[in-house]
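Trainee: Residue-level listing of the chains:
2 protein chains.
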Amino acid sequence: MKISPISGFPEYLPAQRIVEQHFLDVIRETFELHGFPSIETRAVEPVERLLGKGGDTDKEIYGIRRLANAEDPAAVADAELGLHFDLTVPFARYVLENAGHLAFPFRRHQIQKVWRGERPQEGRYREFTQADIDVVDVGELAPHFEAEMPLVVAEVFRKLPIGRMVIQVNNRKIPEGFYRGIGIDDVAGTLRIVDKLDKIGPARVKDALVEAGRTPEQADQCLALASIRTEDLSFVERVRELGVEHPTLDEGLEALAAVISTGMQNAPGALVAELKIARGLDYYTGTVYETQLEGYESWGSFCSGGRYDSLASDGRTTYPGVGISIGVSRLLGLLLSQGLVTATRSTPAAVLVAVTDEESRGASQSVATALRARGIACEVAPKPAKFGKQIRYAERRGIPFVWFAGAAEGGGDQVKDIRSGAQVDADAAAWNPPAEDLHPRVLRTGDRGAEDAPQE
Amino acid sequence: MKISPISGFPEYLPAQRIVEQHFLDVIRETFELHGFPSIETRAVEPVERLLGKGGDTDKEIYGIRRLANAEDPAAVADAELGLHFDLTVPFARYVLENAGHLAFPFRRHQIQKVWRGERPQEGRYREFTQADIDVVDVGELAPHFEAEMPLVVAEVFRKLPIGRMVIQVNNRKIPEGFYRGIGIDDVAGTLRIVDKLDKIGPARVKDALVEAGRTPEQADQCLALASIRTEDLSFVERVRELGVEHPTLDEGLEALAAVISTGMQNAPGALVAELKIARGLDYYTGTVYETQLEGYESWGSFCSGGRYDSLASDGRTTYPGVGISIGVSRLLGLLLSQGLVTATRSTPAAVLVAVTDEESRGASQSVATALRARGIACEVAPKPAKFGKQIRYAERRGIPFVWFAGAAEGGGDQVKDIRSGAQVDADAAAWNPPAEDLHPRVLRTGDRGAEDAPQE
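Protein chains in written order, with our numbering: chain A, 1474 to 1929; chain B, 1474 to 1929.
You may find that some hints are simply not true.
Identical copies carry no separate label here, and so any pair may be met within one copy or between two of them.
Straight line, CA to CA, 25 Å or less: simulated SDA-like cross-link-like pairs of lysine to any residue [claimed, not checked]:
id, residue 1, residue 2
1, K1856, E1505
2, K1679, A1730
3, K1586, Q1603
4, K1632, T1829
5, K1475, E1570
6, K1475, H1574
7, K1862, H1617
8, K1856, S1783
9, K1632, D1498
10, K1475, F1577
11, K1859, H1617
12, K1632, S1802
13, K1862, T1721
Derived from the structure by calculation, the hints contain no laboratory data.
It should be emphasised that the depicted structure is a prediction, and the values quoted were computed from it without experimental measurement.
Kindly produce the complete structure, drawing on both the sequences and the hints.
Mentor: Next comes the structure, spelled out in structure tokens:
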């Protein structure tokens, strides 16, 4: 049977997987520091739930069915299950299903694979990992949560070796109030056109707005609003200078100012007020988030979300919330394909314990057991080959140290740093590698060995 | 739409998920200490590969297919993909696909979900997590790896709060050589009957053996061999006392003695030589492993594996290996359903930072930022409610500490241990919780608070 990769289902070699694990570890650790417990939901949901109220089939769902006993009635029932295409639909269902066992406001993080039945196509993932945080409450959600979410992802991105990730924030009430204040009633239609700004530029957006019935003056005002981007609270004044008054605009400005202000205080430099961000037109009702990696803006947003009035509803109770989702696979796809990050080795092992002959393998194994008991990952050499060959075995995997039992005068052990060649006496019950060699590190390419390289 | 659990797809509440995460963390950390890097494979394989050479359909595979555009030729191609039902088939394919990029002997660990299209039935999982380690080499695999594998899982089980897990080891060459030595040619058929010992008892096994053509004397010898179980090397003598001679028996005894001896030296008390273990009749060729949780023997094996001569072959090259797989979901299913393990809280947060009023939320947020910068997980109270209510919010989630900004004389902060009620002055830049409160802990039920409780 021919073996070949399946388009859209990426897999990593061990060294790349170490990069991915580092990213997932940083994400989880940061989510937990901010008090978000983990949940996981099953991979499948009823297809009916995945399709949503409208039976919307453009979501490209993978259905599953038992291959055995296709005539079996139970197999037919399974045909109604599909793989989840995001983590929001399953989370909404989880909240409704377990509402009686959860404490509200309920915060959770969720890091899982999702699947989309896309046509095979360059750069389209059909299996990928997302990392979400959400807070939901019963009936009403306090607005301060909208300011807390970007602090969490700002901390994630600060800890990752990826350069500067800019979190762009807007509030849907700002364009809504502004448009209404200048006499535009079709808010959604106007937003939809302004949202094309990055793609088609201001001149063609203006043409499209006028064509859609806005006056040239209204179109200019819309473009003026969309051009505002500030790292501090000065966006408020910039909007005020446009001379538009509307209570919804006031609400939006106040809410966005609270978010930016919390960011300035707790994550300086991470957030910008970016008034052209629209995002998920039918869904979000307050703050919206997108992100851009500096220098790679054309790759689009790697992390998005916002505030929604109704994550879920069981008819009696409505659960409003705010959430943000990191597209882990998309981000790694960029970084790994462009060679922007690398792992210092392809194995967790910091030490290879050499073996002199099969008779003394037990002694080498005991060294390994002693090192592991103190948290030092190691492996015992597979063969009692010449030491030069055992050192090359370590070299090939990036293992920095090789241990020689009984090599010292008097019968003690020695350990060699195979990068420098330095070999010193050592005791398996006491020796430690330098802290930076204990675990594989993940570095921005070019940073390898640099003093300021990002560390775990 | 009615919401109800789907049979066979278990989901956990946050506190149960903390137990699962702890188990997965211990497993991964131990695998890494033993030098096994992680890989993940895609969830799907070509159905042809999942079915194997025989087109064997009793494996209960879930096929996947795109629901949209069912007439689309690309959708038809997708119909040939199925969800993996174990991690061995995908690992074998990964080795063949990436052989040119891997360094052999290649060791890896893999912790992922697998799916089986079982009929819905009490206790049958259709989605579950497995944790595997394997070592494969090109052409030949050194026998010492068979002794190393059980050391890894012995360390995992020693670190988990689950009581005593006994690793039962045998070598397929022992019954094979023994049977041949007493004139039995149908080794596989005999093993298959002896394998029923636990289910039907020795008398009925003897009847079945005689019915299958063995002499009563042969049957007695088979049962005598199967009854041997020792924690040390005395099994060799016990087998010798049965007076059977065969070169394959000698090989098997020597190999098993090496495994048990390595275990006695590096993981005392963890392994037993258990000569009735057969396991995977057509697949394993050397050492085989099973495990039993003391007191829960009837639940069967939670961790199994063995040595195989051909994990994969591309026609020219054969890859022999040895592997072992922990059934994480099955183990958690027992422990959680019987209430044998519990988490000390349902959130990672060690501290709830109280909020006096919305105006001073910024000050509480700054306390949280300072605590997090030193690795202390916390959340800021959702509402400036009465302090008693904020304390109850923490209590409900098991958060041990509540922080009051500005509560001390002179305007400093205070922190309250809500279990003891003790409230002391504290500085967010310096205070630390006791080490055992920093992260949620997972304990055997009954151990909560005990001095010797298992710790992370």
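Trainee: Now tell me, hint by hint, if it's right for this structure.
Mentor: Hint by hint, here is what the structure shows:
1. When the C-alpha separation of K1856 and E1505 is checked against a cutoff of 25 Å, the pair qualifies only between copies, where the shortest distance is 20 Å, while the shortest distance within a copy is 43 Å.
2. For the identical chains of this complex, K1679 and A1730 are neighbours neither inside a copy (28 Å) nor across copies (82 Å), given an alpha-carbon limit of 25 Å.
3. Both within a single protomer and between protomers do K1586 and Q1603 lie at most 25 Å apart by alpha-carbon distance, with minima of 6 Å and 16 Å respectively.
4. In this homomeric assembly, K1632 and T1829 never come within 25 Å of each other (Cα to Cα): the closest approach is 42 Å inside a single copy and 31 Å across copies.
5. In this assembly of identical chains, K1475 and E1570 lie within 25 Å of each other by CA distance solely across copies; the values are 10 Å between and 44 Å within a copy.
6. Proximity of K1475 to H1574 under the C-alpha cut-off of 25 Å is restricted to the inter-copy arrangement: shortest distance 18 Å between copies versus 49 Å within a copy.
7. For the homomeric pair K1862 and H1617, the shortest alpha-carbon distance between copies (19 Å) is at most 25 Å, but the shortest distance inside one copy (60 Å) is not.
8. Only between protomers do K1856 and S1783 lie at most 25 Å apart by alpha-carbon distance; the minimum there is 20 Å, versus 62 Å within a single protomer.
9. Taking the shortest Cα distances, K1632 and D1498 sit within 25 Å of each other both inside one copy (11 Å) and across copies (21 Å).
10. In this assembly of identical chains, K1475 and F1577 lie within 25 Å of each other by CA distance solely across copies; the values are 22 Å between and 52 Å within a copy.
11. With identical chains, the CA atoms of K1859 and H1617 are at most 25 Å apart between copies only, with a shortest distance of 18 Å across copies and 64 Å within one.
12. For the identical chains of this complex, K1632 and S1802 are intra-copy neighbours only, at 17 Å inside a copy versus 32 Å across copies, given an alpha-carbon limit of 25 Å.
13. For the homomeric pair K1862 and T1721, neither the shortest alpha-carbon distance inside one copy (73 Å) nor that between copies (33 Å) is at most 25 Å.
Violated hints, listed in ascending order, are 2, 4, 13; each of the other numbered hints is respected by the structure.
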